[in-house]
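Visitor: Given next are the chains, with one letter for each unit.
Number of protein chains: 4
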Amino acid sequence: MSAEPSLPTPSSSPRFGVWLIGARGSVATTAIAGCAAVAAGLHPPAGMVTETPDFTSCGLPALSSLVFGGHDTVDCPLPKRAEHLADGGVLPHGLPSAVHAELVAADREIRPGGPLPGDTDGGSGRTQDEWIDVFAADIRDFVRRQGLAGAVVVNVASTEPAPTDGTLPPSSLYAAAALRAGCPYVNFTPSTGLHHPALAPLAESSGLPYAGRDGKTGQTLLRSVLGPMFRQRALAVRAWSGTNLLGGGDGAALADPAAAAAKNAGKERVLADTLGAAPEGEVHIDDVPALGDWKTAWDHIAFDGFLGSRMILQTIWQGCDSALAAPLVLDLARLVARAHDRGLSGPLSELGFYFKDPVGDGPSSLAEQYAELRRFAGRLRDGADDRGAQR
Amino acid sequence: MSAEPSLPTPSSSPRFGVWLIGARGSVATTAIAGCAAVAAGLHPPAGMVTETPDFTSCGLPALSSLVFGGHDTVDCPLPKRAEHLADGGVLPHGLPSAVHAELVAADREIRPGGPLPGDTDGGSGRTQDEWIDVFAADIRDFVRRQGLAGAVVVNVASTEPAPTDGTLPPSSLYAAAALRAGCPYVNFTPSTGLHHPALAPLAESSGLPYAGRDGKTGQTLLRSVLGPMFRQRALAVRAWSGTNLLGGGDGAALADPAAAAAKNAGKERVLADTLGAAPEGEVHIDDVPALGDWKTAWDHIAFDGFLGSRMILQTIWQGCDSALAAPLVLDLARLVARAHDRGLSGPLSELGFYFKDPVGDGPSSLAEQYAELRRFAGRLRDGADDRGAQR
Amino acid sequence: MSAEPSLPTPSSSPRFGVWLIGARGSVATTAIAGCAAVAAGLHPPAGMVTETPDFTSCGLPALSSLVFGGHDTVDCPLPKRAEHLADGGVLPHGLPSAVHAELVAADREIRPGGPLPGDTDGGSGRTQDEWIDVFAADIRDFVRRQGLAGAVVVNVASTEPAPTDGTLPPSSLYAAAALRAGCPYVNFTPSTGLHHPALAPLAESSGLPYAGRDGKTGQTLLRSVLGPMFRQRALAVRAWSGTNLLGGGDGAALADPAAAAAKNAGKERVLADTLGAAPEGEVHIDDVPALGDWKTAWDHIAFDGFLGSRMILQTIWQGCDSALAAPLVLDLARLVARAHDRGLSGPLSELGFYFKDPVGDGPSSLAEQYAELRRFAGRLRDGADDRGAQR
Amino acid sequence: MSAEPSLPTPSSSPRFGVWLIGARGSVATTAIAGCAAVAAGLHPPAGMVTETPDFTSCGLPALSSLVFGGHDTVDCPLPKRAEHLADGGVLPHGLPSAVHAELVAADREIRPGGPLPGDTDGGSGRTQDEWIDVFAADIRDFVRRQGLAGAVVVNVASTEPAPTDGTLPPSSLYAAAALRAGCPYVNFTPSTGLHHPALAPLAESSGLPYAGRDGKTGQTLLRSVLGPMFRQRALAVRAWSGTNLLGGGDGAALADPAAAAAKNAGKERVLADTLGAAPEGEVHIDDVPALGDWKTAWDHIAFDGFLGSRMILQTIWQGCDSALAAPLVLDLARLVARAHDRGLSGPLSELGFYFKDPVGDGPSSLAEQYAELRRFAGRLRDGADDRGAQR
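Protein chains in written order, with the working numbering: chain A, 787 to 1177; chain B, 787 to 1177; chain C, 787 to 1177; chain D, 787 to 1177.
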């Protein structure tokens, strides 16, 4: 890493790996480029909760100590991908060249991904267990070669359809590889990942912390504050309908009804949990290539007030999913790396703030999830003195 | 009251007064009609937080034990006013006739109001102190004649302009009268009420609880959950703009820039408190008579995500202010009556859940305000055994 | 009809029949009740184009001269149906009782409908031709019994799925019956009706005028003015997406994907015709029972301006389909009755103003369609002197 | 011009001047840069009506034959201004450098502007007539030095407040200068320009064509198609309310109530003309610097359907005013140059398609205005053979 003068990481400070499944996707590219830009002071850390005062002195790895690598099935190099994102307005113009060295460095640490969803062995003749071995070896090599104090594996690949048979879908192969390599695992997508029943024993015996699933970035973020509002005010929600328009790879992936079903399950869980019961209404996800990486989400909520008066709330959210997701990915990598370091294991239900469908039993309203997250920060802080990785 | 068979209030149970300033307005009429309708089981208690499980066994007065009266400067009888509201869709058709007896009973307890804003003595030759005496006598007579265990005074009159000289505006005369009559006071409007410096000594020496001000019913309710969301996610709000369209008396009153200024101050306080700083942006309140008692509020929020990406959230709230306010008025009357009964005094900052510009020092996010309200319910419950007024 | 003093139709003036397929549905009930109400001067003729000055002296049948009847498969009497609509806010409270006599009179002229979509013979053992005969006889009896100068058949029944085999769907049986009974036919729905190839010879040989199909009431009405705007300004529409939320019977019928497909074809035709090419984007129709007869349609239009700048227009339409459709049904009955009287035959392409998917070759922008409609009025007017049916 | 190889304008073809008042503003910069980009084939001519087939062979000056100059009171050079616009997303990245030569050439032809609104003589000691002389000389010099076949003066400066006394406001000084220099005049703003009574004799005697005022770019464009839709369908509009949020210089200028009043008058005229009467409702224009050159316009339209049913249409327009205005400015310069060439004079009411408050007596619905524009193109075409300036 001596060739990257912009990342001041003297050999005496520990460095941490972030291994991204889908490392050449929009979210991963934005996270890698953005980490470098914020570490270098080019941008304020908007959207990063771990950079707010409550998280100081928690012993989180510094942004400048993060080293990126990952798996992907596509070849487009990260610097080129970043240029595409800048053309689409996701990254600021000029950023790809400003962080070119960091993008090149991360790109060198990307290894070929394996079978695509629905494809048993990727034409490789490998068994599922062999795939897991190959992936785990890739991760271990990364940690060793870079001299890292540890690594967190984060799934940011395209949503895969819910599996219909007993075989492990690709997301589960990567999740198993993470544990086999001794790394905590975070599932930022609605794909199966560690949720597969065949992986439950491994998850339990590994002694590793894990978190997920399905990052709560836009429409569902809103729902997690609006749902509690209606409930706290005793207003009866009659119907909650939503339409999402998005282009980019995500739009195309979610145009597959099976993939969309996985995504929508998370959205509906938030409503059912926060309202106490699932209201009428559907959620549509439309692939609209003209919108590129930008997303529009419209929600229409019909509710009854006093004496049955009919009222309506509509929300229109126009955002860029990659820009919403990337800082959360960095947050999660830092929090989970620190949790691992503190010896925490199993499902990190305290991270429900970040997810549509959180592991473990936590509250479903954003405000309570935020309170839990701050308490979690306190737990991490209490042990901040006993180790070297501090900010 | 023996002529009102629908209110089963045996003489052995205590009954409580709700004295409404603006007793013939939309909010008051809806509260009176709705209380009777819900008490009689004609409608579920949608919008009433005090009817949710957390508030059971808190010793709150039963809805059927509430007796209404008040001051107003207009003559239109409550049954006729209720018919108008039914024509405008605020009350269900058929409700005015179903609760006709209760409306007639409340109408009999309405006494003439005093000077209008900007009018020093209403042409009466009375001094301000004499006005306070007259109003206080009206309230005391009501309590005595009805044999009530107590009464709460709630201001639901049209918003008055902020006073520009030292004299007490009408809302403050009524507030002073409440205290002089030994009654707790709730200011559901942005008018001055007890906030006048000349009333501070009286408020302190009275030993009475009070709450306010400016009920949080629609756009500001939303803001009190959206503001915290942006802050918790470290998203930088650049501009928050809003337009409110409303007809009815409220629209006309708020078309007065001075009255609107009072209202807007509360709205802006919520943003500044929840976001940490006031963003760019204005709030408009337009009188649109064609909308009658229905209101549309549009909010446009420009915020920055990761790496300065520009995003926008828009919300459109279409509701009926009277139907949103009335159940909160009933909640407040019950909670404050019980607080008085429990011997609480001074500003009830735990009721910030209900207000744009709450008295005392409480949190500004709805979720935290709700948590405070539940704790408050716990305090009321702890003493529920030592008295007879239970549900 | 001598028992209905509110309809002043002296025996010397001709009276015209309006035979409604789906005569007990929301649209039919609203049309029948509304015709009586407007004729009696209880309401202004909002939404009725034929009551604007351009249509005076065109020889259209007076509203008071219209006599209603029809087919339906359900039993709920019109007065009761009207009460339901008043409860849902579609009809004004008090209207059902004000026009009770007219509703009862129309209800007496409703005959049992036949097979439902997908049901070959309704369990009756009748052949398709026999069904047509029965229906035609019903219509002829109506005309004779009421002593009418003629009748127009208008299909306002629930949308049926597009037929998949060669047999005539129910809507086509009724259309054939209209022609067999010598009556002009109007298809206000997207169902097949006269569009079936097997009916083409009959339509041509009948010498009767006909019009359709699929009334343009809300979202598509908007599209027919917005599409031309974009084209005239040379703005490149990239994607046009829409979601419709509606309850009532219509919502349930259109939740059937096959029925929705029929409806959406018309919506898309309007875009393709007015923009010159079909843009990206989907249309969803969701059944949301909580909305009752009210509909919300959201459209999101992404377009490119100068130098590729990305812009967005969104529209939200909240209306009541029955209230939008009913005056158009009355317009069409009057215009087509008069066209028949004037000896016009075949597809009335000049009525494209009213339809999503008009018969014949007419313009697709609303403004040009309106100009055509006014020219058509002129043609009807030119012959207004040669007959007795004047307003 | 030999130093600008990208504009292939052989000396044998006539070249036409476009003299812009406010030549360094957003609209002017976008028009100049965009004209070069489209002429060079870098972008399709989106938003330019004169590039659609109906305007071929009308003898309009080619884009490559347009030469730009103008007046402005600010110094920022056009290339730098263009970079700012690219940073704000108004111009595509890379465009300023691609058309750098053309921007430099135009910048050399910009002369200092005169007094600002409210400032009688700009501290210069000049009389109004002397200012007009100076401006006219600037324009004549431009035409002579560049060897132009003629020039059109277009006002695209910031909106000035309506003048309150008899003196000519700055926009009128420039308008008078245009006529004195023998050039047609187009007022793309709501400022006074030629509408000043003191200029009426000059306008009449000059024999020059002129057009205006106030370009119809966004919210009002929409209103000019929605207003006719409601009227044609006989739907009674009860209230039409609007809020505009915009940053950039335009937002600041229109935050001045006097300037906003000028702008709003045009918007309201469109409603009153297309609906037949002005409905209830206000229009707000808010300066929101965070939005930069992007504008959001929200409209809320309450209308009554059949039997008084209450319905609502809302529209949200998100666009970039400069990108909407610039192609219209180019259209107008070409059309008016050609009209001048054809010997037309006086108010060009046929150009109402482009304006909120058009000169002369023309229709107010966009569709009819478009039909007029096409007829006007036909008139220009009829004489296309008798001169050299062809495309």
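Check each hint, because a few of them may be wrong.
All copies of an identical chain are treated as equivalent in the list; a pair is satisfied when it fits inside any one copy or across any two copies.
What the hints assert, rightly or not - In silico lysine to any residue, SDA-like type, Cα no more than 25 Å apart, as pairs:
| hint | residue 1 | residue 2 |
| --- | --- | --- |
| 1 | Lys866 | Ser1135 |
| 2 | Lys866 | Ala887 |
| 3 | Lys866 | Ala935 |
| 4 | Lys866 | Pro800 |
| 5 | Lys866 | Arg1096 |
| 6 | Lys866 | Gly936 |
| 7 | Lys866 | Ala1047 |
| 8 | Lys866 | Gly1094 |
Just so you know, the hints here were simulated from the structure itself, not pulled from any lab data.
Because the structure is a prediction, the values reported are computed rather than measured.
Visitor: Confirm or reject each hint.
Guide: Each hint tested on the structure:
In this assembly of identical chains, the alpha carbons of Lys866 and Ser1135 never lie at most 25 Å apart, being 37 Å within a copy and 52 Å across copies at closest. In this assembly of identical chains, the alpha carbons of Lys866 and Ala887 lie at most 25 Å apart only when taken from the same copy (13 Å versus 30 Å across copies). Taking identical chains as interchangeable, the C-alpha atoms of Lys866 and Ala935 are never at most 25 Å apart, the minima being 30 Å within one chain and 49 Å between chains. For a Cα distance limit of 25 Å, the shortest separation of Lys866 from Pro800 qualifies neither inside one copy, at 30 Å, nor across copies, at 46 Å.
Within a single copy, Lys866 and Arg1096 get their C-alpha atoms only as close as 52 Å, which misses the 25 Å cut-off; across copies the closest is 23 Å, which meets it. In this assembly of identical chains, the alpha carbons of Lys866 and Gly936 never lie at most 25 Å apart, being 28 Å within a copy and 48 Å across copies at closest. In this assembly of identical chains, the alpha carbons of Lys866 and Ala1047 never lie at most 25 Å apart, being 32 Å within a copy and 42 Å across copies at closest. In this homomeric assembly, Lys866 and Gly1094 come within 25 Å of each other (Cα to Cα) only across copies, at 21 Å, whereas the closest approach inside a single copy is 56 Å.
Checked against the numbered hints above, the structure breaks hints 1, 3, 4, 6, 7 and satisfies the rest.
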